[in-house]
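The two chains are supplied separately, each in an independent frame; assemble them into the complex guided by the hints.
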Amino acid sequence: MRIPIQVSNESREPIYYQVETQIKTLIVGGKLPPGTPLPSIRALASDLGCSVITTRRAYQNLEMNGFIQTIQGKGTFVREIKNNQISQSRQQILHDAFEKVVQQGKQMGCSSEELNVIFSNIVNKTFNNGGL
Amino acid sequence: MHALEVKDLSRSFRKFKIGPLNLTVEQGSITGLVGANGSGKTTFFRLLMKVLKKDSGQGKVFGKDWSKNEDEWKKQVGYAGELLSGYHFLTIRKLAKLISRWYPAWDHEQFEQLSRRYDIDLDEKYEKCSKGTKKKIDFILSLCHHPSLLLLDEPTAGVDIVSRRKMKEDILTFMEHEEKSVILATHTIDEVHQLCDEIKVLESGKIVHSFNKDDIYESWARIWVSELSDNLKHHPNVLKLETSPPQIVTNHRASIEAVLQTENLTVYQIHRLSLEEVLEYLIDYKKNAL
Chain L
1 MRIPIQVSNE
11 SREPIYYQVE
21 TQIKTLIVGG
31 KLPPGTPLPS
41 IRALASDLGC
51 SVITTRRAYQ
61 NLEMNGFIQT
71 IQGKGTFVRE
81 IKNNQISQSR
91 QQILHDAFEK
101 VVQQGKQMGC
111 SSEELNVIFS
121 NIVNKTFNNG
131 GL
Chain R
133 MHALEVKDLS
143 RSFRKFKIGP
153 LNLTVEQGSI
163 TGLVGANGSG
173 KTTFFRLLMK
183 VLKKDSGQGK
193 VFGKDWSKNE
203 DEWKKQVGYA
213 GELLSGYHFL
223 TIRKLAKLIS
233 RWYPAWDHEQ
243 FEQLSRRYDI
253 DLDEKYEKCS
263 KGTKKKIDFI
273 LSLCHHPSLL
283 LLDEPTAGVD
293 IVSRRKMKED
303 ILTFMEHEEK
313 SVILATHTID
323 EVHQLCDEIK
333 VLESGKIVHS
343 FNKDDIYESW
353 ARIWVSELSD
363 NLKHHPNVLK
373 LETSPPQIVT
383 NHRASIEAVL
393 QTENLTVYQI
403 HRLSLEEVLE
413 YLIDYKKNAL
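Just so you know, the sequences run in chain order L and R. Numbers 1 to 132, taken from my numbering, label the letters of the first sequence in order. Numbers 133 to 422, taken from my numbering, label the letters of the second sequence in order.
Only chain R is shown next, with the shape it has when bound in the complex (with noise of 0.2 Å):
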């Protein structure tokens, strides 16, 4: 069974269209969205949680219909967003009491070990916290109904460096039993590395590319040859030629390296490329800029 399956989903605001968009999620596995500012992260996220509603679309969450069984299908979603909204100028302890009667699951004794853990002053108010603790709150919110599926929009933002490392390794507890499921959305290379299985790239409100990462590393590289050829140079899976030494940057070595034995050119090396590297090729920060 999918955690997710998203069909089509659409909603067109007045200077942006996001969609449509069909994704799966696995069971057992972790999403991560990437895209520049403003490519529809969020809106994903709202969309989803029903905060905004669809022009078109339809869903499944763990095989239930998205569009009905709203109650019983948001209790097994974890979402750190800003689902709290209206409700800003409570302390947090009382936050924690108003959320936990939605959820028939709620584990009390994991709020308050987690607000330990995190340093969380629960007499303080939402609206008065910085804004890494706000997101802090936000993440011990969405765990402690015990969801199978959780929704982190940029989840470290502005977070200090050793609660960061607190939550990759949450993520990663949560994520031990085999059923659950997580759709990072992040702007952290980190992340992406040592968290996601899968990749989905949005731009302009749309998934552009989408894969799973070890693709990456199997079929992008670097590869110095001994000669750039004609068939090289204009060959659609280089995607970048450096003169000296002589290299290419392909997005599929397995079609270059057919070239290189055809032609008789020598490679030198090949050296996988890093994510950081491969998103920068994948995400167009310029035509989101305008």
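Next up, chain L with everything else stripped away, as it sits in the complex (with noise of 0.2 Å):
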């Protein structure tokens, strides 16, 4: 069983917070509905190239936070996720997103009307096309 998340090899972010994010940005958009069963640990680690103790703390975190569930000897799944965590979950990651795109910009030296330009034409351009 394999899941669509991958390490990036340029992302500054420690690999179990690239693991934890993507997870549950699978899971807020609804990609893994409640009851996916996912990898083991073991088998995530491998497929990632990583070691156990960071697919592990992603996990963790993820179990935590009620994104997941870990049954004693049947394995992890998704959880059943309230719709105002889901809310919260797509703000924060969006959020993340954009502020990821906004430094880039900053470092190329753009200024802050220039990244508001681009975001509007991008925004006008998707919803426009009927969202597709």
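Please keep in mind that the hints were generated in silico from the structure rather than gathered at the bench. A quick note: this is a predicted structure, and the numbers were derived from the prediction, not measured. Each hint should be verified, as a subset may be incorrect.
Calculated lysine to any residue pairs in the SDA-like style (CA-CA distance at most 20 Å, straight line) [what the hints assert, rightly or not]:
no.	chain 1	residue 1	chain 2	residue 2
1	L	K74	R	K338
2	R	K263	R	G213
3	L	K106	R	Y400
4	L	K100	R	H384
5	L	K74	R	G189
6	R	K300	L	L48
7	R	K338	R	K200
8	R	K200	R	E137
9	R	K186	R	K300
10	L	K74	R	G213
Here are the in silico distance ranges between beta carbons for each label pair [claimed, not checked]:
no.	chain 1	residue 1	chain 2	residue 2	range
11	L	S8	R	T394	21 to 31 Å
12	R	A390	L	Q103	13 to 23 Å
13	R	N154	L	E13	29 to 39 Å
14	R	A386	L	F119	27 to 37 Å
Which residues of chain L face chain R? A few of them, derived with a C-beta cut under 8 Å, are [claimed, not checked]:
no.	residue
15	M1
16	S51
17	T54
Just so you know, even glycine gets a beta-carbon here, dropped at the ideal spot from N, CA and C.
In structure tokens:
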């Protein structure tokens, strides 16, 4: 059982955090519905090329925040999550993604006006095409 | 509890000295043993299994004194190495029968299932088998008494691609029980990448580097910068410099980033290093070549 996540070579974020965020994104986006079994920490570590310490930490954080549940002897599964939790996580994930882009823009010397123009262009283009 | 604790294990030979070696293996972890040919990986396993006598050193296997209780702790250890020397004229079936008598927990069903999985002809004599087939047989025989600690000495050397994949799968399945542990000596980057949690680098009989695999990803990096300042050029954590475009390889990203910040140098891009690149820096192949 494989889930579509990968560790970035360029990201400054620690691996456990990347894993945690990507699984959270898949769950919140409905790609991994409640009840979906997740790979074991050992299998996931093997897929990603990291140690089990890292995957265990990611799973522990996800479990603590109510996204997944480990059942002794059966494995780890996606949990039923509440609507307010979904919107909260969605905002957090988007906030982080925007932050990264803005910082990249700043590094390249973009002004805040420039960034705003690019942003509204993209929003316009995306939503005026019927949300495709 | 540790699966294995070794303290000051050493042995001198005429031209080679191994140790003093100190290492611990956590339960639930896979430790990769890497190093150039002749760095002492096999000698370490042989000392540990008492195929060779030590000069000095102590140890514990699952908390039990390694120098005593030999019969007891060996039941918990599976060694895929050259334990069967002297019996190579036997067929695989007879070898398995011989070995099964040493282990009360021997699982004959698993032996048959694995033999089918790896397509082993049980009526062939061990000595007549190819190098890769011998490796597969060693691997199977190390697993069938349900050990808690597996010692694998280059288990996939000479083994075909499909069987390699199966061995990787079987090691992962073995590790699904959280109290199990593996020490894996290997020259295959893929195996280190996909299987190991901890890595120990052996050189001339000594462990010269020891780390968690993820620390590599966090601290080793290639950094493209606007300019190579003198402080960067002479920094102990800069392992390599290239000028066009300006870039450095470091084994301690955080301290280099601090230098870059104080000197107001711009970072264009940071890449983590691949395991392969890092191991080439860590394993000094030349020293062993003489």
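Evaluation of the provided hints:
1. A distance of roughly 42 Å separates the Cα atoms of K74/L and K338/R; the hinted pair therefore is violated under the 20 Å criterion.
2. For the hint linking K263/R to G213/R, the alpha-carbon distance of about 12 Å falls within 20 Å, and the restraint holds.
3. For the suggested pair K106/L and Y400/R, the alpha carbons sit about 12 Å apart, so the restraint of at most 20 Å is met.
4. Of the pairs offered as hints, the one joining K100/L and H384/R is violated, with about 23 Å between alpha carbons and a cut-off of 20 Å exceeded.
5. The hinted pair formed by K74/L and G189/R fails the criterion: a straight-line CA distance of about 42 Å is larger than 20 Å.
6. Using a Cα cut-off of 20 Å, the hinted pair K300/R and L48/L holds, with the two alpha carbons roughly 14 Å apart.
7. Between K338/R and K200/R the alpha-carbon distance is near 25 Å, which puts this suggested pair outside the 20 Å criterion.
8. This hinted pair checks out: K200/R and E137/R have alpha carbons roughly 14 Å apart, not beyond 20 Å.
9. A C-alpha spacing of about 32 Å is found between K186/R and K300/R, which places the hinted pair above 20 Å, so the restraint is violated.
10. With a CA separation close to 34 Å, the supplied pair K74/L and G213/R exceeds the 20 Å bound.
11. Separation of S8/L from T394/R is about 27 Å and conforms to the stated range, judged on CB atoms against 21 to 31 Å.
12. Separated by about 19 Å at the C-beta atoms, A390/R and Q103/L satisfy the suggested range of 13 to 23 Å.
13. Checked against the hint of 29 to 39 Å, the C-beta distance between N154/R and E13/L comes to roughly 34 Å, which is consistent with it.
14. At about 32 Å, the CB distance of A386/R to F119/L agrees with the hint of 27 to 37 Å.
15. A hinted interface residue such as M1/L counts as satisfied when its beta carbon comes closer than 8 Å to some beta carbon of chain R; here the least separation is about 13 Å, so the hint is violated.
16. The beta carbon of S51/L comes within 4 Å of a beta carbon in chain R, closer than 8 Å, and the hint placing it at the interface holds.
17. Using the Cβ-Cβ criterion of 8 Å, the hint placing T54/L at the interface with chain R is satisfied: the shortest such distance is roughly 5 Å.
This entry does not satisfy hints 1, 4, 5, 7, 9, 10, 15, going by the numbered hints stated previously.
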